[in-house]
Amino acid sequence: MSEEDQHSTQPEIKDEDANAPINVKVVSSTGDEVFFKIKRSTKLSKLQGAYAAKVGKDVGSIRFLYDGSRISETDTPASLDMEDNDTIDVMVEQVGGCH
Amino acid sequence: MSEELESQMTDYGDTEAAYVLVILHDDGALQCSCPGYSQTGKSCRHTVAVSLFLQFGEASNYIRNETVQPKRGPGSKGQHFIIPKLKEQERRYERKDHYILKDINYILQRTELEGSNKPFPHGEITVPQTPISDSERDSGSEDQGEPDIQMDNSPIKQVRLLVPNEESEEVKKHGKQFNTVSRGRPSNIVPMQPYRAKQNASRTTPVFQEKPGRKTSRLHPNSLQKKGPIGIQAKEAKERGMGISMLKEVHTGNPVGSASKKTATTMTMTKVKQTSGVVYPTLPDLDEEELNLELEQIKNEGHTNNWGSDDYTFRYDDVDGFIPLVNELAKACQTNVLFIAPFFRDALGQRLIELGRNLSSDELAALDTEFFRPGSEYARLLRYTEVKPCALHPDLDPTKETKLAHDLSEEHNTIPKAQIVKDVSQPKEKKQAVLTRKAVQNLQNATGIKLNLKSAKEVWAEPYKSFSAQIQSGRIFRIEGINICMKDIERIQNGWISDELITFFLALHETEFTSRGVYTVSSLYWKKLEQLILPSGSDHKGEWEADMSRLVRKRKFPWGDLNLMKRLLVPIYQPDHWIMAVVDFEKDFIAVYNSLNGKSQHGNIFKILRTWILTGVKERLNDNLVVSPDLNLNFDEWNLETKPKNPGLQNNGVDCGVFVIGHMILLSYPQDFDRAQIGDILIPQVVPILRSHLFSIIKNGAVESQEDITKERRSQRLMSGNKPTEKPSAKYDYLPKHKWGAGSYMMVPVSSDPVSEEEQSE
Chain A
1 MSEEDQHSTQ PEIKDEDANA PINVKVVSST GDEVFFKIKR STKLSKLQGA YAAKVGKDVG
61 SIRFLYDGSR ISETDTPASL DMEDNDTIDV MVEQVGGCH
Chain B
1 MSEELESQMT DYGDTEAAYV LVILHDDGAL QCSCPGYSQT GKSCRHTVAV SLFLQFGEAS
61 NYIRNETVQP KRGPGSKGQH FIIPKLKEQE RRYERKDHYI LKDINYILQR TELEGSNKPF
121 PHGEITVPQT PISDSERDSG SEDQGEPDIQ MDNSPIKQVR LLVPNEESEE VKKHGKQFNT
181 VSRGRPSNIV PMQPYRAKQN ASRTTPVFQE KPGRKTSRLH PNSLQKKGPI GIQAKEAKER
241 GMGISMLKEV HTGNPVGSAS KKTATTMTMT KVKQTSGVVY PTLPDLDEEE LNLELEQIKN
301 EGHTNNWGSD DYTFRYDDVD GFIPLVNELA KACQTNVLFI APFFRDALGQ RLIELGRNLS
361 SDELAALDTE FFRPGSEYAR LLRYTEVKPC ALHPDLDPTK ETKLAHDLSE EHNTIPKAQI
421 VKDVSQPKEK KQAVLTRKAV QNLQNATGIK LNLKSAKEVW AEPYKSFSAQ IQSGRIFRIE
481 GINICMKDIE RIQNGWISDE LITFFLALHE TEFTSRGVYT VSSLYWKKLE QLILPSGSDH
541 KGEWEADMSR LVRKRKFPWG DLNLMKRLLV PIYQPDHWIM AVVDFEKDFI AVYNSLNGKS
601 QHGNIFKILR TWILTGVKER LNDNLVVSPD LNLNFDEWNL ETKPKNPGLQ NNGVDCGVFV
661 IGHMILLSYP QDFDRAQIGD ILIPQVVPIL RSHLFSIIKN GAVESQEDIT KERRSQRLMS
721 GNKPTEKPSA KYDYLPKHKW GAGSYMMVPV SSDPVSEEEQ SE
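Chains as they are written, first to last, in full-length UniProt numbering: chain A, 1 to 99; chain B, 1 to 762.
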């Protein structure tokens with residue numbers, strides 16, 4: 001009986017985990033940190049917009065990297081296997097032609 | 001003295017005269033026309049004033065003279081005894097904590113007696129009246145309206161001053177045990193020492209009384225500069241020295257200037273001498289005369305006004321107020337000049353270069369929302385450097401302006417396509433045309449690009465227009481999940497290349513490159529590596545090696561397997577410039593291709609590559625995967641080429657990104673291609689082909705997204721209307737100072753008037 005009970009409760013716990021918000025640290029290239037709490041199913045593009053608003057920059061002029069790769073518009077923390085307290089790096093747009 | 005003067009003097013002698021006449025005789029005697037003098041013959045106040053004027057000059061100069069010259073005039077008897085004393089006192093006050101504590105004690109006692117709660121009545125020290133309550137903060141974050149995102153508020157720094165009564169008790173209790181570091185004397189308080197008060201009372205007031213205490217004569221009374229100890233002044237000055245030298249062309253001897261123009265130029269006379277630490281602050285509300293006096297002072301002190309020199313730097317706040325003024329002036333002169341502050345040169349300055357200067361008012365209005373919206377950093381103005389820097393004043397001249405704009409725009413348009421096949425009759429051109437044709441054929445053979453010069457041009461007609469129209473109409477195209485922005489598309493034809501474009505290029509060529517054993521990363525990945533590996537990088541902290549291996553593990557390359565991974569290509573962004581590095585694991589060389597042929601911190605590049613490769617191989621060994629035995633990891637035996645033979649070289653200040661793409665295409669053929677030929681194929685004339693190629697692959701590779709995220713975008717736009725939390729100056733400190741050189745002007749029609757609009761909305 002008791003084993004069966006455990007089995008029945010397990011999927012519920014998993015569901016909670018999937019929806020539980022995680023903390024994400026966004027670090028700029030100058031080392032400034034902003035913390036976000038985000039659901040694992042929320043698109044990271046929302047976080048990008050919020051960060052851009054916070055810093056006062058245009059979303060199009062900053063880039064978000066998770067472990068060195070670009071975060072695309074459709075990515076979510078779940079799709080990137082992000083864990084709690086992971087960091088996202090922010091880079092400034094690079095435009096070069098030289099002087 | 002002439003008879004006329006005599007008669008004048010007698011005329012005015014009896015009645016109330018509008019002025020008195022003081023005559024300076026050859027022997028130095030002074031004669032006055034006032035009744036007092038004519039009756040008694042004794043020196044009157046007018047003659048005394050004149051004698052002081054003759055000796056010390058203008059009254060406003062007097063303060064300076066007082067400190068510089070120890071000797072006094074006849075009217076200020078005994079003064080020179082006091083001056084050295086003051087100097088002694090000055091020294092004593094400054095240095096010892098004991099005196100400062102004493103002062104504080106005294107002030108606190110006094111406030112206690114008087115029952116005033118304000119120990120610093122001048123209001124110079126601002127105390128946050130009510131600290132922001134928690135509820136307010138919470139409501140602020142709730143207003144964001146994002147239910148599933150909660151933003152932590154970064155802690156707000158608050159300077160708290162103790163309530164004076166409490167503090168005084170504390171000080172009383174502890175008395176002289178309070179010997180730790182002083183919290184410093186408030187800079188604006190003149191200490192009220194009892195013995196000094198006595199001194200002041202016993203002294204007869206001299207004609208030009210200067211307050212006792214340290215002389216701040218170098219600061220004008222209206223100065224914005226805070227008065228404080230010399231150390232702090234110097235420090236502040238140094239910090240402000242980060243300010244930018246700009247608008248060098250603003251000459252004082254401007255022939256076009258109107259009266260208001262003149263004030264403008266005199267206002268620009270504020271400057272910061274970085275080396276000396278002496279600060280001449282802005283003088284916002286002064287008459288022209290006073291300004292001129294101030295200027296003369298500056299001149300007298302040996303700082304000559306060389307507008308062309310590097311001596312003239314602007315403090316951050318100087319430029320802040322200055323640029324709107326110049327814009328207003330420019331508007332008054334009916335010219336199309338818009339001044340843009342230097343800090344945010346990269347993005348908007350760039351885009352404006354690319355868009356050209358003949359914008360219609362509609363186009364400008366479109367730019368308005370993008371850049372000049374309230375609160376955006378660009379709203380605070382940008383700097384602009386044209387290829388051909390010009391002095392300011394010709395632009396202010398309405399007659400010259402149009403011509404200049406025309407010239408420059410023409411030149412701008414012809415940069416990429418210049419010298420192709422214009423006039424075949426001239427032998428030089430003919431030679432070039434042949435060379436170009438050859439290079440195009442070589443490029444086609446080497447890379448498989450099928451475009452030639454003609455078809456490359458055609459790309460910009462129909463396909464480009466329709467594609468950009470689609471994007472502008474709100475449809476969203478993506479490559480690898482990254483949205484294609486209009487500004488990047490606009491850059492392809494003849495602008496600077498952005499990291500986004502290179503990322504698209506790499507993403508679209510990835511499979512092709514990997515099939516040849518060539519691996520690439522984006523420039524942002526490289527930037528991350530820089531931050532991790534270089535000791536100066538922001539991520540170079542305790543566990544950076546763990547981060548490094550994690551980074552390498554995420555991006556799985558077959559490190560060390562020579563059959564799979566033969567070359568590694570990296571586009572590298574250095575401020576304002578694109579270069580690329582190639583690592584060949586078979587032939588053991590690392591080469592850095594710089595289309596400007598200049599050296600730029602190549603040592604760092606080698607260091608990063610070395611660490612990166614070693615980490616990669618180590619991780620692969622940890623996973624028990626194959627590493628070729630032929631792999632040579634002793635980098636001392638590698639060939640490090642800072643200047644490879646015969647690289648492709650650009651002939652302008654725009655194309656380096658295109659050259660990086662060209663180099664990457666050519667270097668992605670590890671066996672078939674001889675590197676020494678690159679310079680023969682990548683010549684400036686084939687740049688249009690590469691640009692067209694870039695556009696067509698992006699257009700073909702773009703995938704339209706089904707979802708409609710225009711709403712989301714719009715909300716992001718609105719949200720980004722909030723004011724930046726950081727000061728821009730802090731953010732842009734890392735930018736090299738020398739970049740803000742000459743040519744800090746730009747020309748855009750002012751008709752839509754972005755500056756004033758932005759001011760209104762702010």
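Hints listed in this document are in silico derivations from the structure and should not be mistaken for laboratory results. As the structure is a prediction and not an experimental result, all values here were calculated from the model. Beta carbons: idealized from backbone N, C-alpha and C, even for Gly. Please note that a few of the clues may not be correct.
Okay, derived cross-link-like pairs now, EDC-like style, lysine to aspartate or glutamate, Cα gap no bigger than 16 Å in a straight line [what the hints assert, rightly or not]:
1) B:Lys541 to A:Glu73
2) B:Lys587 to B:Asp674
3) B:Lys699 to B:Glu545
4) A:Lys25 to B:Asp674
5) A:Lys25 to A:Glu83
6) B:Lys541 to A:Asp84
7) A:Lys25 to A:Asp84
8) B:Lys566 to B:Glu480
9) A:Lys37 to A:Glu83
10) B:Lys556 to B:Asp630
11) B:Lys587 to B:Asp561
12) B:Lys554 to A:Asp32
13) B:Lys566 to B:Glu512
14) B:Lys618 to B:Asp680
15) B:Lys645 to B:Asp680
16) B:Lys554 to A:Asp86
17) A:Lys46 to A:Glu73
18) B:Lys554 to A:Glu33
A partial selection of chain B residues facing chain A, derived with a Cβ cut-off under 8 Å [as the list claims (entries may be wrong)]:
19) Cys34
20) Asn483
21) Cys485
22) Gln493
23) Trp496
24) Ile497
25) Thr503
26) Ser523
27) Tyr525
28) Gln531
29) Cys656
Violating hint indices (sorted, rising): 1, 3, 4, 6, 8, 10, 12, 14, 18, 19 and 22
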